[in-house]
Amino acid sequence: MTCRPLFSLLIVLLLGPGWLYASASPGKEALCEKNASALVHEGKLAEGLAVIKKCIKDVPTRSKSHVILGYILLQEGKINPAKEAFNKALDLRPHSSAAKTGKGIILAHNGDLKGAESILKDALKLNPNPARTHYELGLIYEELGDTKQALFHFKQGIKIREQTRR
Amino acid sequence: MIIKKYLPPRHKPVLVIFVAVIVLLQSSICTAALRTLGVGTDGPKFSLQEIKGDKQNFSSLKGDKLTILLFWASWSRQSEKALKQMEKLYVKYKDQGLSVIGINVERQTMDDKVLADIKGAIERLKVSFPILIDHGLIAFHDYGVIAVPTTVILDKYRKIVFVMSGFPLVGTRDMIHFVTAVIEGKKIQAEVAQRTGYHPDKRAVRYWNMGIKALKSKRSFNSSEKLFKKAIAADPNWVFPYLSLGRFYEKQNDFKQAGEQFQKALTRDPSNVKALSSMGLVLMKEGGSLAEAKRLLEKAININESYTPSYYYLGYLLGKEGDTKKAAELFAGAEKINPMDYHINMYRGMMYEEQNNMEQATRSYKKALKQLLNL
Numbered sequence: 000m001t002c003r004p005l006f007s008l009l010i011v012l013l014l015g016p017g018w019l020y021a022s023a024s025p026g027k028e029a030l031c032e033k034n035a036s037a038l039v040h041e042g043k044l045a046e047g048l049a050v051i052k053k054c055i056k057d058v059p060t061r062s063k064s065h066v067i068l069g070y071i072l073l074q075e076g077k078i079n080p081a082k083e084a085f086n087k088a089l090d091l092r093p094h095s096s097a098a099k100t101g102k103g104i105i106l107a108h109n110g111d112l113k114g115a116e117s118i119l120k121d122a123l124k125l126n127p128n129p130a131r132t133h134y135e136l137g138l139i140y141e142e143l144g145d146t147k148q149a150l151f152h153f154k155q156g157i158k159i160r161e162q163t164r165r
Numbered sequence: 000m001i002i003k004k005y006l007p008p009r010h011k012p013v014l015v016i017f018v019a020v021i022v023l024l025q026s027s028i029c030t031a032a033l034r035t036l037g038v039g040t041d042g043p044k045f046s047l048q049e050i051k052g053d054k055q056n057f058s059s060l061k062g063d064k065l066t067i068l069l070f071w072a073s074w075s076r077q078s079e080k081a082l083k084q085m086e087k088l089y090v091k092y093k094d095q096g097l098s099v100i101g102i103n104v105e106r107q108t109m110d111d112k113v114l115a116d117i118k119g120a121i122e123r124l125k126v127s128f129p130i131l132i133d134h135g136l137i138a139f140h141d142y143g144v145i146a147v148p149t150t151v152i153l154d155k156y157r158k159i160v161f162v163m164s165g166f167p168l169v170g171t172r173d174m175i176h177f178v179t180a181v182i183e184g185k186k187i188q189a190e191v192a193q194r195t196g197y198h199p200d201k202r203a204v205r206y207w208n209m210g211i212k213a214l215k216s217k218r219s220f221n222s223s224e225k226l227f228k229k230a231i232a233a234d235p236n237w238v239f240p241y242l243s244l245g246r247f248y249e250k251q252n253d254f255k256q257a258g259e260q261f262q263k264a265l266t267r268d269p270s271n272v273k274a275l276s277s278m279g280l281v282l283m284k285e286g287g288s289l290a291e292a293k294r295l296l297e298k299a300i301n302i303n304e305s306y307t308p309s310y311y312y313l314g315y316l317l318g319k320e321g322d323t324k325k326a327a328e329l330f331a332g333a334e335k336i337n338p339m340d341y342h343i344n345m346y347r348g349m350m351y352e353e354q355n356n357m358e359q360a361t362r363s364y365k366k367a368l369k370q371l372l373n374l
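Which chain is which? The protein sequence lines are C and G, in order. Going by numbering that gives the first Met the number 0, the first sequence opens with residue 0, and the numbers climb by one from there. Going by numbering that gives the first Met the number 0, the second sequence opens with residue 0, and the numbers climb by one from there.
Don't take every hint at face value.
[Said to hold, decoys possible] Capping the alpha-carbon separation at 27 Å, the derived lysine-lysine pairs in DSSO-like fashion look like this:
1. C:43 x G:112
2. C:113 x G:369
3. C:158 x G:335
4. C:43 x G:51
5. G:228 x G:185
6. G:369 x C:33
7. G:369 x C:82
8. C:120 x G:369
9. G:212 x C:33
10. G:229 x G:158
11. C:120 x C:158
Worth flagging that the hints you see were computed from the coordinates, not collected in a lab.
Could you put together the complete structure from these sequences and hints?
Here it is, written out as structure tokens:
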């Protein structure tokens with residue numbers, strides 16, 4: 000019986016730092032981002048935006064959070080704030096394929112098709128698998144009148160997406 | 000009617016026989032209502048939100064005896080009829096072990112306007128059973144829904160006991176009889192029991208389920224072949240493992256072996272729409288007889304008007320033969336049944352690409368990819 004306080008102290012000493020770690024673990028931030036993405040998936044853009052802004056407020060250094068923010072803003076049609084979000088994501092992680100794809104979408108939207116093509120190709124080099132990047136490149140080539148390239152990228156996107164869905 | 004438009008003039012005199020055959024064979028709808036699953040297999044788990052936002056799953060909503068899942072959308076006229084029928088069954092049997100769950104598959108992505116439309120439809124039709132929203136069409140794809148509406152009835156262990164695509168007259172009558180008999184503890188009429196589909200051996204189902212799981216994984220993909228063969232050994236009369244094994248070979252571009260498996264399925268069930276369609280496609284892909292492929296695909300459409308793959312495979316075939324007008328009608332027909340199936344645009348794209356119409360091909364592939372990306 001006299002040992003019980005000692006055991007309790009030992010447990011606190013062993014688990015205490017663990018609790019502290021858990022509260023600031025990367026898992027928590029990923030969960031926050033996941034929640035924001037889930038809300039967007041359910042069509043609740045405003046709520047998703049509020050959640051991702053809070054994620055960024057809590058941990059401003061995660062590139063992925065800024066990427067998610069960028070895509071939400073893009074869906075809301077807020078082009079300039081979306082561009083800022085993707086730029087911030089690229090500052091934090093210059094080799095983010097998703098951020099480059101987002102930036103490419105914005106450049107294309109602003110009429111800079113060549114700039115968009117270049118950054119999207121960069122994104123593909125970093126990650127040859129994102130179907131979305133192929134989709135955006137397809138749109139650009141379609142706009143540029145290069146049907147052959149557009150067709151290639153749309154087909155490639157379908158192939159990749161089908162493989163990942165399997 | 001798509002069939003009427005599609006039939007060549009020389010076939011029109013047999014239209015009456017055609018219609019009679021369709022009506023008689025509506026029963027087969029039960030065997031090809033879902034892309035992969037069917038009677039005897041387990042229904043996938045799901046966790047979906049109600050309109051209010053609360054998450055629900057099978058366990059929280061299941062009935063003690065039966066659970067009806069109705070995949071529906073407000074844009075589908077047949078869905079309205081199905082919702083009304085399910086409401087009647089629900090009101091009658093909700094206290095006797097029947098649960099009805101409406102799974103809305105309105106669109107790939109939802110927004111406030113779409114949700115308001117769904118809410119409006121539920122209120123207008125006075126639906127009192129739970130309605131869940133399939134955001135991103137996850138349950139829709141997990142169940143392999145081909146047409147909207149689709150009815151899947153599960154027992155309390157989540158095993159599929161009845162499936163029906165569309166809302167056909169005979170199928171609906173069978174469904175009502177089936178539900179009534181199970182809930183009231185009466186005997187199911189022999190012909191209805193036969194039409195609800197073959198009830199496979201449990202061991203075969205277990206191996207088949209493992210095979211399907213393996214087929215979806217990159218790491219264990221190859222082991223699915225062995226598992227499907229084990230399922231066949233356990234129950235050689237059950238056609239599902241032949242179809243799945245055929246699909247396995249097809250994915251590896253081994254059309255000869257794929258064709259052999261589809262043929263084995265057809266030997267056991269000559270009216271199996273999935274086998275007929277898959278065999279038709281394989282014949283096209285391996286450079287076999289286009290006339291035979293066409294015959295099989297036409298037969299599949301005649302048996303089940305709701306099975307969309309037969310439409311786009313036949314559309315693709317007709318495109319190969321240069322009949323783009325009829326092909327376009329078939330693609331449009333498939334879109335009416337299931338506008339969310341990206342395969343329709345993919346096969347349309349393939350047809351245009353082979354015809355060297357690159358602009359239309361690009362447009363079709365673009366639409367297919369957009370659908371796949373949920374954009």
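Hints not upheld, ascending by number: 5
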